[in-house]
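> From first to last, the protein sequence lines stand for chains V and G. Quick note: the first sequence uses my numbering, first residue -14, plus one each step. Quick note: the second sequence uses my numbering, first residue -14, plus one each step.
One or more of the hints may lead you astray.
One copy or two, it doesn't matter: identical chains are merged, so the pair holds either way.
To be verified - Below, computed lysine-lysine pairings styled on DSS-like, alpha-carbon distance capped at 27 Å: (1) Lys245 - Lys155; (2) Lys0 - Lys349; (3) Lys245 - Lys2; (4) Lys28 - Lys140.
Because the hints were derived from the structure by calculation, they are not lab data.
Number of protein chains: 2
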Amino acid sequence: MEFTFYNPTKIIFGKGKIAEIGAELKARGAKKVLLIAGKGSIKKNGVYEQAVASLTFNHLKWIEAWNVRSNPTLAKVNEILLLAKKERPDAILAVGGGSVIDTAKAVAAGFYVNDVWGLFEKKVEVLNALPVFTVLTISATSSEMDPYSVITNEKEKKKWAITSDFIYPKVSIIDPSVQSTLPWKQTTNGAVDGISHIMEFYFLGKEQETTLALNDALLHTIIQMTDTLKSDSNNLSARSNLVWALTLALNGTSGVGLSKGDWSVHTIEHALSALHPEIAHGTGLAVVFPAWILYMHKYNPTTFERWAKNIWQCDNVGDAVKKMRDKYSFWGAPITLKELGIKKEDITLLAENATQRGPISSFKPLTKKDVEEILKLAL
Amino acid sequence: MEFTFYNPTKIIFGKGKIAEIGAELKARGAKKVLLIAGKGSIKKNGVYEQAVASLTFNHLKWIEAWNVRSNPTLAKVNEILLLAKKERPDAILAVGGGSVIDTAKAVAAGFYVNDVWGLFEKKVEVLNALPVFTVLTISATSSEMDPYSVITNEKEKKKWAITSDFIYPKVSIIDPSVQSTLPWKQTTNGAVDGISHIMEFYFLGKEQETTLALNDALLHTIIQMTDTLKSDSNNLSARSNLVWALTLALNGTSGVGLSKGDWSVHTIEHALSALHPEIAHGTGLAVVFPAWILYMHKYNPTTFERWAKNIWQCDNVGDAVKKMRDKYSFWGAPITLKELGIKKEDITLLAENATQRGPISSFKPLTKKDVEEILKLAL
């Protein structure tokens, strides 16, 4: 068991905490902030107002960039980079969910290079970034406490990631109460995303008992709290527990000792949403992960069986996958490609996209042919 | 549910990782290092040799301070501070267990003030500290990844703590393999210490399901791995899992949402070892915690019953405490004051020392009288 654990993000969690963002920026020397946001829901739920009131109170200047959408694009990153290079802010404040934060991180790192996509292609290394701060409005990706940014290059149909310690947010404010008014499907997508993050590590497990036991606990909690919210979406206690579990799902804790995780399901999902940008990330994962488990469980049966037993109280993996799909359906997530509008004849192109950089998965290399077989199990 | 989570310590974990300490120091600008150590066991088990080889390889100068003992003293801190203020190192490297690391942290903060004990008395605030690095040789206190230092002022019979973000270690190397050759009682003490850290938070729980579920997982893992090591102390997989769980027991994760924890058992134990410095911290906790649970469980029955059921498979707290004491005995820990050589007539003085700064415990203020009652349950 070998690993490095490092996560310097400061989390300030609780109702009303958005008011602290200005002081946190100021304490770290910020004077001029680039605020990045989505399509405007933060103007309806009071988050924008709270955030800028805190900036004003702390005498900070700011400029704004709006309209980041889900599956955020390279075009948008480049558009905001033009603004950033002109205005030269000394900090970036993302106010939104994973897409907004990932965009902010790409801008933060891209600020110091000529061609930001070169960082994603690994032609250039991330050697610096503007400090990123976040006010989280949708829990799902854990981007508020991780070193990743995933961006879609629409022209080249590539949804790729960068990883760097430089893009860990310095401070993230998580006020769970602002998530009560989200459309239900975003809670479902967030839960599925968090569960998927944990499982990208989990199934590699052999002797990492501490990490596996923590992951059992996180999976249980996410499922239990999402069930509670399904019938009572204003339950702040359940929301708080869900939201924190989703942050922990990918802040490093869940992956300790499990090398860098597998991520082949994410790679397949990234192909899905690169080719069909209307598909939400959590939605794609809900369809692909159960199929992937059915295909892969023979390669590390003890750990898949542990999961079947501990999480779903099933003696075999097939039954557990059925229960998992039933749960996802109950939450309103699609569980077949058909529900996403994808047909059998689309599979080859998806498998090609997913394996364009070679076979995927770290415990059993998956070729294009394997990915086709997995996707067939999701029809 | 409100909290702030911040833990910037980088953990490098695994067999052979001590070799990386020099490069980590160098990468953070260190040129002259003050190495602090205990009584010399690190010269027998190869840890010292590995650490200084890494310093040499990275062209770092260093000076050494030895003979930190368990329940580390203010006198020792002041002795090392004289050396530090003369030699002016730019980093501190603790090579040892919690006592060595706590001493290193006190020296790091004390370097910038005239009277280090003033920091413990809260007369002066910690506003700076030399950067602390650690090579951990005994897992127990979590000092390798926390912002605390506990020091005993022998003259005044006070065992007090400082807390500051400035004393988080920058980097801690944890090579679990070096702990295989420890005397068994140190594994027991470490396990009891970790379990106690988690429980200082746990029993405050009400609706913090994510944290409680993670704590159930950590408690299970610590118990299970200690049992395994009891019959096979060279089992590196069990050792790795235990060691990591003990770090997580007090790195912030286990306390999320549970205010700052209760710490009244620690306060009672600190009185014990302030008055009887020969008592190891873990040993004192093994005696006091079961008695404290018997006295306190009526104040938050649901959570104490959850603990009884989830950890000990018992329907009531009394039965669970019996199982807990049996487990501690099986590991070789004392479970009565008598075994520590403490008599009924010593109790008043202990209770006085524990409550010298006023009533303790955050969910039910414990007066001197309460502490006496608790200690009587441990006779």
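> Decide, hint by hint, whether the structure agrees.
These are the hints, each one checked on the structure:
Within a single copy, Lys245 and Lys155 get their C-alpha atoms as close as 22 Å, and across copies as close as 22 Å, so both meet the 27 Å cut-off. For the identical chains of this complex, Lys0 and Lys349 are inter-copy neighbours only, at 26 Å across copies versus 44 Å inside a copy, given an alpha-carbon limit of 27 Å. Proximity of Lys245 to Lys2 under the C-alpha cut-off of 27 Å is restricted to the inter-copy arrangement: shortest distance 18 Å between copies versus 33 Å within a copy. Taking CA atoms no more than 27 Å apart as the test, Lys28 paired with Lys140 passes in neither setting, with 31 Å inside one copy and 61 Å between copies.
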